[in-house]
Amino acid sequence: MGSRASTLLREEEIEEIKKETGFSHSQITRLYSRFTSLDKGENGTLSREDFQRIPELAINPLGDRIINAFFPEGEDQVNFRGFMRTLAHFRPIEDNEKNKDPIASEPLNSRSNKLLFAFRLYDLDRDDKISRDELLQVLRMMVGVNISDEQLGSIADRTIQEADQNGDNSISFNEFIKVGNVYILYIDIDIDI
Amino acid sequence: TVFSGAIFQKIGYILGTFCGVSKLSICNPTLLIYLCCSSLLFPGLIQREGGSMEQEMGELRRYRTQSISRGEFALSDSFYFYRKGLESIVDDQVTQRFSSEELVSWNLLTRTNHNFHYISLRLTVIWGLGVIIRYCVLFPLRITLAIIGISWLVIGTTLVGFLPNRRVKNWLSELVHLMCYRICARGLSATIQYHNKNNKPQKGGICVANHTSPIDIVILANDGCYAMVGQSHSGLMGVIQRSMVRSCPHVWFERSEMRDRHAVTSRLRAHVAAKRNLPILIFPEGTCINNTSVMMFKKGSFEIGGTIYPVAIKYDPRFGDAFWNSAKYNMVSYLLRMMTSWAIVVNVWYLPPMTRQEGEDATKFANRVKSAIAHQGGLLDMAWDGSLKRDKVKEEFKEHQQKMYSSMVVGKKARNSQEPHTESSKS
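Those protein sequence lines, which keep their order, are chains D and V.
Mapping to full-length UniProt numbering: the first sequence position 23 is 23, numbers consecutive.
Mapping to full-length UniProt numbering: the second sequence position 193 is 193, numbers consecutive.
Watch out, some of these pointers could steer you wrong.
27 Å max Cα-Cα, derived DSS-like pairs, lysine-lysine [what the hints assert, rightly or not]:
(1) V/364 - D/40
(2) D/40 - V/169
(3) V/203 - V/299
(4) V/389 - V/328
(5) D/40 - V/392
(6) V/398 - D/40
(7) V/203 - D/40
(8) V/364 - V/203
(9) V/398 - V/299
Some chain D residues near chain V, calculated using beta-carbon distances under 8 Å [unchecked claim]:
(10) 37
(11) 54
(12) 59
(13) 60
(14) 63
(15) 121
(16) 124
(17) 142
(18) 144
(19) 163
(20) 176
It should be emphasised that the hints constitute simulated quantities derived from the structure, not laboratory data.
Glycine residues also receive a C-beta, built at the ideal position from the N, C-alpha and C atoms.
Full structure from sequences and hints, please.
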């Protein structure tokens, strides 16, 4: 663990991250502390193994999917900016942000960005729809060996049938929004400094 | 040392009042200067729900429309796992136990200064003074004492080993051990407060304690004689171990022997059965934890039988960080850090003896003892295994989660198996 955590993070960087993610100064330094404590190799980036070392994450059935979400396409390392960018999706929407100027670019933690993030956790191949196979994969991760293939298949079918509106037997992002919108704020994490 | 101790005490009080220190009730030759600089508060980083999967999933599913019946799967179910996962990435309960505890306010040691802010010139000057005192005054004194202590241990126990007579030998051996550990404790500037001495471990018993550092042995042995249990080392440690065995029986294992659990248990059982033998000292966590929590007790020590004497050890982190992070520091650099801290201030509580009850298996018994120790020492009682410091978590925990979720989806009634990683809150 670096002993001078915040001095390694320059003020300009903190400002940039603040603008991009909306986290406060103290939240950013605190999360940087966390980032460095996870970074066993001390090279300024986290690998998948670094995440796996967190026991509570390793026993999470969807742990691998969550870890994947931190890594950009095809990369094996995530730096602090990327780390913060991903976490920023789940920053609670504050009241003063709700009436923002619509011309300004959408903040990372807007409702639709949150939903897009959750959608992508299902849609592995990024083809903008959740196919039956992809849904089955996630289901299998969540239930392990405790439910038979048949039963799981029928659960997947039922889910798609209920959500699917254009009849292509898969769930598009818009269809996902309709199902998930009510619940999406559940994932929000309030980092309390 | 007594004389110089008195002088230091006087200096300590004077300097303490000069710097506006409120309470300085240590009868210890080391002084501490308190300056509350920026107060860095580190409770948990996020508010975590303490509920079970059922409760929290119930929360999530509360908004379901009637078209989906209560139990069935919905796309939003995964949100529960996402949240849990993200929470653990931001802050988790386990990995923080394997690094030093963070302090509320800085104690003028660079090593505990994790979020460095340059506050003021005054603080830097005082810190500089602190460095000089610690490294140039205290450290040489402590090193001398430590060397005297260890040499006396080796010489004394070897000499006692030559004696044939039973009773005199035991008495002398205890004397030698106690003296040497007391010198070593002075060498670390350790101030130890023992509570409930009437519960002190008796001969033929087993003493279990929470483990923070190798110094735990010195701390406990200052107040009584124990039979040590451990791996036989080579080098200086080996010399010390071999000479200790000459004066009274300790239990040292070869590395190969330690793999065979039965051999270990039977040797310990034999030692305990001989009622005249000193109580065995065991640390059931198996590894050093950072003194904010007590992690899983390995059940091996609790299968031996006999009476268990639990002991809770709590270090005061303001005076010096006693936790040995073996991944970061080897033994020598750790001891050097100890000797250049302000002091080691420690509270030791002897708890009433416990025995295994009818129908209680070793694991339950171990957990019972662990809770008692955690409660007394003000530590968090955790069911996570201390070996997670180095090893990966077992697959069965993930399988348990999957099983729980499956039963929610398929709609079976609540099972009666417990979650393997329940945490009780800090008492």
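The hints, checked one at a time:
no. : hint          : in the structure
1   : V/364 - D/40  : violated, 35 Å
2   : D/40 - V/169  : violated, 51 Å
3   : V/203 - V/299 : holds, 22 Å
4   : V/389 - V/328 : holds, 12 Å
5   : D/40 - V/392  : holds, 15 Å
6   : V/398 - D/40  : holds, 24 Å
7   : V/203 - D/40  : violated, 45 Å
8   : V/364 - V/203 : holds, 25 Å
9   : V/398 - V/299 : holds, 22 Å
10  : 37            : holds, 7 Å
11  : 54            : holds, 5 Å
12  : 59            : holds, 4 Å
13  : 60            : holds, 5 Å
14  : 63            : holds, 6 Å
15  : 121           : holds, 7 Å
16  : 124           : violated, 13 Å
17  : 142           : holds, 6 Å
18  : 144           : holds, 3 Å
19  : 163           : holds, 7 Å
20  : 176           : holds, 7 Å
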